[in-house]
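Could you build the full structure based on these sequences and the hints that come with them?
There are 2 protein chains.
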Amino acid sequence: MENHEYFLNEAIEEAKKGLSEGGIPIGSVIVHNGKIIGRGHNRRVQKGSVILHGEMDALENAGRLSASVYRECTIYTTLSPCPMCSGAIRLYGIPKVVIGENKTFLGDEKLLNESGIETILMNNSNCISLMEKFISEKPTLWNEDIGE
Amino acid sequence: MENHEYFLNEAIEEAKKGLSEGGIPIGSVIVHNGKIIGRGHNRRVQKGSVILHGEMDALENAGRLSASVYRECTIYTTLSPCPMCSGAIRLYGIPKVVIGENKTFLGDEKLLNESGIETILMNNSNCISLMEKFISEKPTLWNEDIGE
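Protein chains in written order, with my numbering: chain A, 32 to 179; chain B, 32 to 179.
Treat the hints as calculated values from the structure; they're not laboratory data. There may be inaccurate statements among the hints.
Since the list gives no way to pick out one identical chain from another, each pair is judged satisfied if it fits inside one copy or across any two copies.
Claimed, not checked - DSS-like mimics (lysine-lysine), calculated; alpha carbons at most 30 Å apart, straight line:
#1 LYS127 to LYS78
#2 LYS78 to LYS66
#3 LYS48 to LYS134
#4 LYS48 to LYS164
#5 LYS47 to LYS78
#6 LYS169 to LYS48
Model, not experiment: these values are computed from the prediction.
Here it is, written out as structure tokens:
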């Protein structure tokens, strides 16, 4: 049985960890057969990284996996995945993406769907308020993170 | 004046460096105002990384830049950029991609073009032979890198 609420909450924990480190509050977990095999959060500030968005950090922390494993995974992310993260999801053929919210930022959901990837939007109020507060407090940092 | 041949050769040097480290021979450089501001190569093997494709490594090594800089850059890559790298290029709005070859792997060139990004295909024989030799010698590693 899938428990999207439970795993999304784990992604939110990652987002909060990022915020407590002075970073951008976006988190992600990757689930395989009901178990978290990778988790991470945006580390732009913490590592001076332009590629470690939340989903990318979770993918990296999951380590090198074969295509057959990715194809049985679900990735949870607190925020609608940007073109880079959506591209990584498409590259590795992760078939399902559970999205905390897309109110503060709309990523490549349409492209994911066109690529045959299922997206499930949770409209989670914790995810929305984390990002709304962050964007209003640090708009310049946020714009940097989305290339604007 | 643009000198695509010169900068593509720098990307090929990166690819060769990767190969000499036991890695996958794909390299990339990012050029701004005629100067290389980031260079890198695929580090799947070297760092156990699933996100450090050549273009991603070059982006990471260029460091945190503002959108206005990315929008004046050209990225050179020895191989047609995969969905992840194409997504990163789209995220940051890099307007031009010079591609060594797309004979051994065709990435998201169409999507780049549809996003208003110019692609220039060099059909470079050194790039082709580097990849043909690598793929024939290590097909399993190559398939892992492209999620197959």
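Here is what the structure says about each hint:
no., hint, result
1, LYS127 to LYS78, "both (28 Å within a copy, 27 Å between copies)"
2, LYS78 to LYS66, "both (27 Å within a copy, 25 Å between copies)"
3, LYS48 to LYS134, "within (22 Å within a copy, 44 Å between copies)"
4, LYS48 to LYS164, "within (15 Å within a copy, 44 Å between copies)"
5, LYS47 to LYS78, "both (17 Å within a copy, 27 Å between copies)"
6, LYS169 to LYS48, "within (17 Å within a copy, 39 Å between copies)"
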